[in-house]
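J.: Sequence:
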Amino acid sequence: MNPILRRAAKPVLALLLVLLGTTAIPGQTPTARRNTRLEQALRESLARSPGIWGVSVKHIERQELVEIRGEERFQMASVFKVPVLLELLHQVREGKLSLEERVEWTAPERYFGSGILVTLAPGLRPTIRDLATLMMIVSDNAATDILCHRLGFDRINARLRSLGLSKTAVDMGTRDLILHALGLPEEKYRGMTVDELRRFDWAAHETQVRRNQQQFLRECPNCSTPAEMTLLLEKIVTGQALDPEGTQTLLDILFLQQFNQRLPRWIPYGVRFAHKTGTLTAPVWVVNDAGVLFLPNQQRVVVTVFSRGEDLGLSDGERKAAIAAAEDQIAEIGRMVFQFYRGQD
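So the sequence shown is residues 14 to 358, counted in the working numbering.
Think of the hints as simulated: they come from the structure by calculation, not from any bench. Remember, it's a predicted structure, so these values are computed and weren't measured experimentally. For every residue, glycine included, the Cβ atom is placed at its ideal position computed from N, Cα and C. Treat the hints with care, since some could be wrong.
To be verified - Here are the simulated distance ranges between beta carbons:
1. 162 / 134: 13 to 23 Å
2. 216 / 75: 49 to 59 Å
3. 231 / 284: 37 to 47 Å
4. 116 / 53: 16 to 26 Å
5. 53 / 119: 51 to 61 Å
6. 163 / 201: 23 to 33 Å
7. 65 / 274: 16 to 26 Å
8. 209 / 341: 30 to 40 Å
9. 129 / 329: 21 to 31 Å
10. 325 / 162: 25 to 35 Å
11. 325 / 75: 21 to 31 Å
12. 44 / 221: 43 to 53 Å
13. 311 / 46: 17 to 27 Å
14. 231 / 355: 39 to 49 Å
All chains, full assembly: derive it from the sequences and hints.
T.: Printed below as a string of structure tokens:
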């Protein structure tokens, strides 16, 4: 079978465990014990990698935890789309939105970064479900910003607070996030198009851009901690964050993820990993992945890996090499977690 199709098959048994296998107590999770053996192995692996790394691993059934810089705030990059999808499904349940509503696609020149909508002609009318799927499985930035505008950042963040996440915030959509990361947060750049961005005279604005980027790093918009992202994913997969239908819909979308070169890279086909990646190339590289691994015995392990570089002055070649190396390290973390827990009851 085609590998993508294998990854896209519905995880029926896993989903039954999600919906029936635990007693959900909203706002509460049992106290976990530290897995010092796995933590030490991960620390030794990370010691060989440049950059700053935050890791949180939670085996739900065994209630075992690993945390490395677990309480430190990191840039989520596109991992912030998980809270967006969560709030979307809540508003669907509340009757404020319908997944089958169609939205006209307009103004592709306004959107930056990843995705496929910007390659398509205006006039297309995708459904809200289509936009949510594109947002998650190919990290479509245009789809994300359309949904964020409909949902409201205040509602997204209120949902996070209601689930006990105090260090996680979705402050802006992808367009504003990219402009801030590039050092262009001023109002005069808010309407900038893709072509205008390509023609921008970076050398003439170098001092202000660098100052703005340093402020971006200090303020850390759209940031979370490894521990809180793991908590959010745990609450999602155990039915504490959504009703059963919403939980199923969210996981069904995550299982369709097309970017599988990070945490799932060395996981055998047929082993399910519901996850979301995130990447930024400025002002420092950011390479993330977070999700839920469904082991062959159908137990579940939540894994969050956040990472960032420390040098604002990398060349394009150096930045690409650093991102590739970080992806390799995240893949190794996924392999180590899987190998540690596979076959354990």
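J.: Against each hint, give a clear statement of whether it holds in the structure.
T.: Hint by hint, here is what the structure shows:
no. : hint                  : result
1   : 162 / 134: 13 to 23 Å : holds (21 Å)
2   : 216 / 75: 49 to 59 Å  : holds (55 Å)
3   : 231 / 284: 37 to 47 Å : holds (40 Å)
4   : 116 / 53: 16 to 26 Å  : violated (49 Å)
5   : 53 / 119: 51 to 61 Å  : holds (53 Å)
6   : 163 / 201: 23 to 33 Å : holds (27 Å)
7   : 65 / 274: 16 to 26 Å  : holds (21 Å)
8   : 209 / 341: 30 to 40 Å : holds (35 Å)
9   : 129 / 329: 21 to 31 Å : holds (23 Å)
10  : 325 / 162: 25 to 35 Å : holds (31 Å)
11  : 325 / 75: 21 to 31 Å  : violated (41 Å)
12  : 44 / 221: 43 to 53 Å  : holds (48 Å)
13  : 311 / 46: 17 to 27 Å  : holds (21 Å)
14  : 231 / 355: 39 to 49 Å : holds (41 Å)
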